[in-house]
Amino acid sequence: MIFSYRLRRNAVKIEGERSSALDLARGRLVLMGGFFILMYIVFAVRAFDLAVIQGRAISADNGATVELSAMEGSEDAPGTLPADIARRGDITDRNGALLATTLRTASLFADPHLISDTARAAGGLAKIFPDISYGEILQKLQSDKRFVWISRNLSPEQQYSVLELGEPGLEFKHAYQRFYPQGALGSHLVGYADVDGRGLAGIERGFNNYLNSGETLRLSLDMRLQHALRREMTAVIDEFSAIGGAGLIMDVTNGDILAGVSLPDFNPHRAGEALETEVFNRLTLGAYEMGSVFKIFSIAAFFETHDVGMNTTFDTRDPIRIGRFTIRDYHAENRILTIPEVFMYSSNIGSALMGRAVGTENLQNFYEDLALTTPLDFEVREVARPMVPSPWREVNTLTASYGHGVATTPVQTISAVASVVNGGYLIKPRLVLAEDEGKASTDVRVVSEKTSNKMRELLRLVVTAGTGKNADVAGYRVGGKTGTAEKIINGRYDGNKKISSFVGVFPMDAPRYAVFIMIDEPKGTKRTYGYATGGWVAAPAVSRVIASMVAILGIPPSSPDSPENAYGQDLKQYVSAGKGEH
Amino acid sequence: MSLFSRTDKSLIGQWWWTVDRGMLSAFMVLSLIGVALVATGSPSVAERIGYGYYHFFVRHMIILGPALLLLLGTSMLSHKFIRRLAALLFVGSLLTMLMVLGVGNDIKGARRWVHVLGFSLQPSEFIKPSFAIMAAWMMSLQKEKSNFKGNAITAGFYLLTVTLLILQPDFGMTFLVTSIWAAQIFLAGFPFRLLVLLLIVGILGVFMAYQGLDHVHSRIDRYLDPASGDSYQIDKSLEAFQNGGIIGTGPGQGTVKMSLPDAHADFIFSVAGEEMGMLFVFFIISIYGLILLRGYNRLMDSDDMFVVLAAGGLLTVFGLQAAVHMGSALHLFPTKGMTLPFVSYGGSSLLSMGITAGAILGLTRNKARSGLSRGGLSLQTNRAHRTARRGVNTSPGV
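Top to bottom, those sequences are chains E and Y. Per the numbering used here, residue 1 is the first one in the first sequence, and the count goes up by one each step. Per the numbering used here, residue 1 is the first one in the second sequence, and the count goes up by one each step.
In case anyone wonders, no lab produced these hints; they're calculated from the structure. Each hint should be verified, as a subset may be incorrect.
[As the list claims (entries may be wrong)] Computed footprint of chain E on chain Y, listed as stretches where at least three residues anywhere in the stretch have a Cβ under 8 Å from a Cβ of chain E:
1. 154-162
2. 322-328
[Said to hold, decoys possible] Chain E is nowhere near these chain Y residues, computed Cβ spacing over 12 Å in every case:
3. T18
4. L204
5. L293
[Said to hold, decoys possible] Listed next, with one range per pair, are the computed distances between beta-carbon atoms:
6. Y:P251 <-> E:G27: 39 to 49 Å
7. E:G34 <-> Y:R193: 19 to 29 Å
8. Y:F333 <-> E:G34: 16 to 26 Å
9. E:L98 <-> Y:P251: 27 to 37 Å
10. Y:P251 <-> E:G34: 31 to 41 Å
11. Y:L290 <-> E:D111: 24 to 34 Å
12. Y:G252 <-> E:G27: 16 to 26 Å
13. Y:V35 <-> E:G214: 39 to 49 Å
14. E:G214 <-> Y:N297: 51 to 61 Å
15. Y:G252 <-> E:I37: 30 to 40 Å
16. Y:L213 <-> E:S143: 47 to 57 Å
17. Y:R193 <-> E:S143: 27 to 37 Å
18. Y:I247 <-> E:G183: 35 to 45 Å
19. Y:I247 <-> E:E276: 47 to 57 Å
Since this is a predicted model, take the numbers as computed values, not measurements. For each residue, glycine too, the CB sits at the ideal point set by N, CA and C.
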């Protein structure tokens with residue numbers, strides 16, 4: 001009995017101890033659970049700290065432009081610009097094609113102390129960067145420095161390949177870099193910026209602050225037309241072994257520049273290494289004597305000052321002698337010419353006589369109204385001052401009537417042509433696409449509508465019957481004017497070095513586009529019987545550009561028997577049969 | 001959930017209705033996350049050390065199968081078999097560790113590995129679960145029979161294990177085994193005063209390791225002052241989290257991971273941070289939290305001291321290892337290379353974790369939990385029964 005009691009008592013005691021021990025354990029389980037939960041919450045907070053709070057700080061820091069110029073040539077760790085500099089804005093053409101953009105690129109450097117396997121790393125890198133030799137990399141990686149540049153501005157593919165090497169000693173510095181996806185196409189107008197994001201030329205310079213604020217800038221350029229223009233100009237320059245050229249396509253209704261080519265051109269990514277002649281922007285910085293193209297302006301001036309008919313005649317049988325000058329015709333007709341004949345045969349004597357009739361002051365004022373004698377007011381700020389005779393005597397009036405002694409930039413010239421043909425409103429060239437595209441750039445009238453109409457007919461005549469026959473494109477009523485000027489070499493006109501140009505406008509009955517091509521020092525070929533004049537060199541190129549344009553822009557031709565196709569044919573009544581090629 | 005009928009008396013059917021299916025799913029989810037992260041984190045590491053692109057991934061997949069089988073198998077065992085398995089494993093691991101000290105390969109300054117069938121095994125990984133179960137067994141035996149010197153035996157086990165570990169040397173494992181033992185004696189009712197004393201001894205031990213062993217020294221220095229030495233790993237790890245942000249760079253899209261040493265193992269958490277982002281990191285943390293809380297919660301209802309101690313110790317080592325991994329990657333702790341349970345690459349670690357998780361599941365199975373349910377007692381009366389016993393305990397004269 002006693003034994004059994006004790007046994008039970010013991011059992012109860014053990015049972016009791018066990019349950020008290022279990023209770024204690026339960027309490028402590030709660031403590032341990034709490035400890036873990038607390039620790040895990042700290043982890044979550046820390047993850048938030050890294051991913052959100054510090055994550056932003058890091059991205060802003062990496063986003064800051066690493067000052068690449070500070071890296072150039074130096075092997076030290078680069079400094080960084082403050083984080084508040086925004087990514088420089090894009091430049092696009094009128095259709096949104098990227099002309100300039102800023103991308104975040106990675107530059108690769110190594111910390112040789114951290115390289116785990118020098119030979120393997122060098123081998124891998126040599127495969128990724130074919131322009132650096134294995135030995136070269138090996139030499140860099142075995143150096144005692146903590147920082148060695150391997151390669152700058154990697155492509156994403158290269159960066160990925162480097163990351164795949166998994167080499168801890170290889171690291172990246174990020175920077176913003178300016179890219180010009182179109183390369184040389186449009187490089188003179190778009191311009192370029194330096195590594196610090198400062199625009200140095202073209203639109204990049206003219207709109208530097210705007211772009212640096214991160215805004216996108218849309219230009220009036222159409223890269224499809226730009227390409228067509230450049231292609232045709234390159235072909236002509238090759239064919240005539242010329243040294244360069246300038247070309248423009250303009251919407252004559254509002255002054256939008258749709259294409260602008262200056263050749264030779266350059267790769268804007270390597271503007272620093274380009275030759276001076278390549279970087280030189282002939283479109284705005286080159287002032288050239290345009291030759292007979294200027295007859296458009298002198299004859300328009302004549303119509304403005306003299307309300308006469310097309311049948312007015314000028315005696316071009318004798319050269320004009322004034323002071324030391326003798327004004328001759330290139331291919332003299334040696335007869336009395338009507339105004340249409342003066343224009344289509346490009347008679348210098350006839351133009352000079354008209355200039356004399358207009359008068360020095362009137363002609364000067366008219367050229368000034370057309371913005372031909374003052375520096376171009378343009379969105380690209382590298383502009384040349386036009387060269388005008390000083391002092392301006394009567395002889396200068398005569399020569400300026402056929403584009404001699406006055407030098408203007410191509411952009412000025414095409415704008416003045418546009419002003420004359422568009423109904424008479426002054427055209428201010430523009431490269432930045434306006435909010436309201438249809439709006440004309442100015443409403444300043446420079447010639448009367450009547451004069452404008454006469455000039456359109458005359459321009460069409462040049463292509464149907466005169467010196468510009470090569471410029472025609474069937475169904476598009478192309479009009480235009482040739483120009484051939486001798487270049488001034490060492491202060492003297494050099495008869496062998498010419499600037500041959502053609503300005504074409506179409507459709508002539510309701511002008512919409514002007515195409516100007518100017519070729520520098522073309523040399524005549526067998527095909528052209530040795531001629532290198534505007535009609536032989538530039539006019540066919542303008543024709544091909546227009547043929548491309550109408551295809552690109554989807555402009556339908558007029559049918560051969562439609563009334564507009566016969567536009568300007570009335571003038572033929574004032575033309576006697578004769579030769580005509582200039 | 002109609003996979004097995006509730007009345008299914010087969011082994012599998014019984015298992016299915018008694019095992020903690022929530023916790024089981026959590027382990028499976030972790031394995032899946034592990035497959036994804038090893039797939040994206042390991043190729044650059046493999047290439048770097050000259051293996052093929054898929055080297056680690058293939059091996060991880062090969063080991064994952066057996067590891068999950070071990071998990072399921074162990075979770076089906078009865079307590080008796082769990083103890084027997086632990087005893088075998090414990091003795092086996094200790095012997096192999098002894099052997100390793102003699103003939104093992106030196107990897108990264110430590111002798112931990114034996115080669116079996118082309119895989120290198122780390123016997124010390126298996127000491128974790130087996131030690132936890134053995135120690136719990138001995139301690140609970142002492143609770144049953146007060147004349148059994150179970151606690152002393154555990155102390156002996158502990159000293160033997162730790163000595164072998166320090167000889168390798170493997171301080172990470174030493175830390176974990178110490179933590180298991182500390183958690184168990186804490187649960188077993190060790191007085192707080194003595195625990196504080198032990199803590200002081202522990203801190204002294206760390207200090208001595210700091211003074212006496214160079215690599216421990218430099219690692220702690222680096223934690224306290226990152227500028228003092230090479231902190232490449234941790235810099236990269238933090239960069240990964242920063243690069244990932246809230247939603248991450250996207251699976252396979254990470255870049256920092258590629259130059260992150262040990263991205264497949266000791267820093268796989270950073271890979272998750274970069275590619276999947278902060279929200280996913282929260283998800284991973286909460287899975288570990290869920291496993292721990294579910295586990296501890298089940299132990300609250302257990303009447304078996306052995307179960308409380310063994311599963312408590314196993315849960316602690318599981319949670320602590322995850323914590324050290326995550327804390328290292330987040331630079332909250334000094335960098336200590338530890339795998340993230342079920343996620344990191346690591347053959348031995350994965351197999352050992354399979355056993356650990358299996359043992360936790362097996363020990364916390366419903367049937368095992370109460371033992372009274374077979375007597376037809378409801379949970380309600382079970383609790384009442386407990387209160388009654390507490391009453392006996394506090395009555396005077398006992």
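Hint check:
A stretch counts as covered by a chain when three or more of its residues have a beta carbon under 8 Å from one of that chain; for the stretch 154-162 of chain Y and chain E the count is 0, and the coverage is violated. Restraint check on the stretch 322-328 of chain Y versus chain E: 3 residues with Cβ-Cβ distances below 8 Å, three needed, restraint holds. Under the 12 Å C-beta cut-off, the non-interface status given to T18 of chain Y relative to chain E holds; the minimum distance is some 21 Å. Residue-level check passed: L204 of chain Y sits 22 Å from the nearest beta carbon of chain E, beyond 12 Å.
Against chain E, the non-interface label of L293 of chain Y is violated: not every CB pair exceeds 12 Å, the least being about 6 Å. The hint said 39 to 49 Å for the Cβ distance between P251 of chain Y and G27 of chain E, and at roughly 44 Å that hint holds. For G34 of chain E and R193 of chain Y, the hinted distance range of 19 to 29 Å is satisfied, since their beta carbons lie about 21 Å from each other. In this structure the hint that F333 of chain Y and G34 of chain E lie 16 to 26 Å apart at CB holds, the actual value being about 19 Å.
Between L98 of chain E and P251 of chain Y the Cβ separation comes to about 30 Å, which falls inside the hinted range of 27 to 37 Å. Look at P251 of chain Y against G34 of chain E: about 35 Å separates their beta carbons, and that is inside 31 to 41 Å. Restraint check, L290 of chain Y to D111 of chain E: a C-beta distance of roughly 42 Å breaks the suggested window 24 to 34 Å. Range check, G252 of chain Y to G27 of chain E: Cβ separation about 47 Å, and the 16 to 26 Å hint is violated.
Range check, V35 of chain Y to G214 of chain E: Cβ separation about 43 Å, and the 39 to 49 Å hint holds. Distance hint check: the CB atoms of G214 of chain E and N297 of chain Y are about 55 Å apart, consistent with the given range 51 to 61 Å. For the hinted restraint 30 to 40 Å between G252 of chain Y and I37 of chain E, the CB-CB distance of approximately 33 Å keeps it satisfied. At roughly 33 Å, the beta-carbon separation of L213 of chain Y and S143 of chain E lies outside the given 47 to 57 Å, and the hint is violated.
A C-beta distance of roughly 60 Å is found between R193 of chain Y and S143 of chain E, which places it outside the suggested range of 27 to 37 Å. The supplied range of 35 to 45 Å is met by I247 of chain Y and G183 of chain E, whose beta-carbon atoms lie about 37 Å from each other. For the pair I247 of chain Y and E276 of chain E, the supplied restraint of 47 to 57 Å holds, since their beta-carbon distance comes to about 52 Å.
Of the numbered hints stated above, those contradicted by the structure are hints 1, 5, 11, 12, 16 and 17, listed in ascending order.
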